[in-house]
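With the hints as a guide, dock the two chains, each given alone in a separate frame, to form the complex.
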Amino acid sequence: MSNSAAADLAHDAPWAYRDFTGGFRTGLSNAKLGIWLFLASEVMLFSTFFTTLIVLRVTSAAWPRGWEVLNVPLGMFNTMVLIASSVTMVMAYAKAFDRNKKAFNIYLAITVALGILFLIDKGFEYAGEFREGHFPSTSVFYGIYFTMTALHGIHVICGILVNAALLLFSRKQWDEWFFLGRIEGAGLYWHFVDIVWIFLFPALYLL
Amino acid sequence: MSAQEHAAPPASHPAHADFHRPNVRAYMFVFTSLLVLTIVTVLVSWLDLPVVAAVFVAMAIATLKASLVLTFFMHLKGERVFVYGILGITVLFAIFLYSFPVSDAHVLGPISVHTNAAAESEGHHVSPARS
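Protein chains in written order, with this note's numbering: chain A, 961 to 1167; chain B, 625 to 755.
The hints are simulated quantities; they were obtained by calculation from the structure and are not laboratory data. Positions of the beta carbon are idealized from the N, C-alpha and C atoms, including for glycine. Treat each hint with caution, since some may be false.
Estimated spans, in silico, between C-beta atoms of each pair [unchecked claim]: (1) His730/B x Trp1027/A: 25 to 31 Å; (2) Lys1061/A x Val675/B: 48 to 54 Å; (3) Ser657/B x Phe1138/A: 28 to 34 Å; (4) Pro674/B x Lys1061/A: 50 to 56 Å; (5) Leu671/B x Leu1111/A: 42 to 48 Å.
Chain B extracted, bound-state conformation (with noise of 0.2 Å):
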């Protein structure tokens, strides 16, 4: 055997698994689905919905986006569980990291240095914050 004639182990080899092989189609559909759901993602911002409703349709877009990427660039899909496993935990600590700050910051309030004073003061136009 010689490594030109093998483009991958052989099944019954471990490392077998660690390869995934790849799927030029699904990688071509992946590629236009990103183009167009990008499109879609400015088009939808052109609508002016209202603020929670933007954030959670742009979110929800990139999301899917998202994992599109995951699972066939990253092959996340056919991957060992133990991936899997990190990023279960990953995604749990980020909900913590994301929710703890954002519900304590009713607390805070208006602090002067979010009005963007200085800003308008030096003749930057900045807009009302959207209902």
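Bound-form chain A, shown alone (with noise of 0.2 Å):
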């Protein structure tokens, strides 16, 4: 792309990306390569710690059933909940993408209330395991248990403050060219955070 062109499409077009080496080479915006590499990192991340789950479960003399111990009522009402949040999510970049900033706020921030409700469900859940007298030093089943839900929860912490500071700068970032690629980029890592709890759920409650 010529730097005339690039000029040109900088004015008449906010919502386009500018490529810093000149051109898609990839295909791809840079912010969009980006995300995607950072999300194959975290796919190792969790990788490691289901193939940790693998090992000490095959490895273990006894091992408690997930219905036995944990609350699943709690946690498939917990799934439901991250699933919905990720439909408003990928509906706050249809809106976006429409230029829709009043429908855009409305799904982001019903977005943030699903995560912060996902952490408050969590936190009964621990407090309830907690009274009960289990921790992370009970057994093996509850160290990954506790160790794989936390790591989750941060992930999801994250996503949160993401995406509320992307309701606050959507005031004034609306019109900016950049701004629409960072709905986006959002949303591929809070879609992520829900395929993690995807298989977490069925491997720690069901199986």
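The structure is reproduced here in structure tokens:
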């Protein structure tokens, strides 16, 4: 892309990306390439924990069934909350694409609220387990359970902070050329967090 | 042209390919499917299948759910080939990550820290390993 063409694009179409290398050689913007590479690294992070879970379970002489020790109805409710938040996140992207600022704000706010609801439910779940005397040190099962769900919870917190920041930034950055890309990037991260829970829930609660 | 008049870059511009046109109907279909599959996953767990079958079924349903999220919510459908390349390499290395330690697990054998003896001595119920 020539410099004059890029200048015209930045003026006429603020939703467009500028690729600072001068062109779309990969077909992707730098932002989207960056977020996918980051998600690839996150896949490896969670894969190590899932591998640990498998090895610990295979080598243990005794392993409790999730139904017997964990709150499966609450876990299932949390799964549905996270799925709903994924839908509202993608709808926020859809509304940003259509330049509907009010609807975008509503959907993103609901996404943030559902994320907070997930954390509150998780807090109640942890409190119940602590009340019954189950801690990470209680057994290997609880050790891996608390580690994996807490790591996932940290990722949920980070996602909530990012989405809340975008909600705040939308006031001034709505017309900026990079804003839609930021929504899409935040959405990719949030959907990844949902995918991790999609695997975590059956692995810990149901098997 | 103003920012308000255009929701997306024109098809002739490279940036057009970088933004995926939303498909709300598909999003709602995926949402419904995910809720149904979640309920199916829980119901299947009630069947008390042998461990291997239970793991296979649960992970198959989870993989299907993840595929729906990847394809439609993360817009993998219609995404650039480069992204598929990134994900392909990631999956390859993840397979290595899973397979090597698990294949060596039999060498470890049952270790005392894994028997939950401490939990049982404190009165916590620990089910015997399922066959």
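Hints, one by one, checked against the model:
1. His730/B x Trp1027/A: 25 to 31 Å: Given about 27 Å between the Cβ atoms, the range holds.
2. Lys1061/A x Val675/B: 48 to 54 Å: With a Cβ separation near 51 Å, lysine 1061/A and valine 675/B satisfy 48 to 54 Å, so the hint holds.
3. Ser657/B x Phe1138/A: 28 to 34 Å: 33 Å, holds
4. Pro674/B x Lys1061/A: 50 to 56 Å: 54 Å, holds
5. Leu671/B x Leu1111/A: 42 to 48 Å: 30 Å, violated
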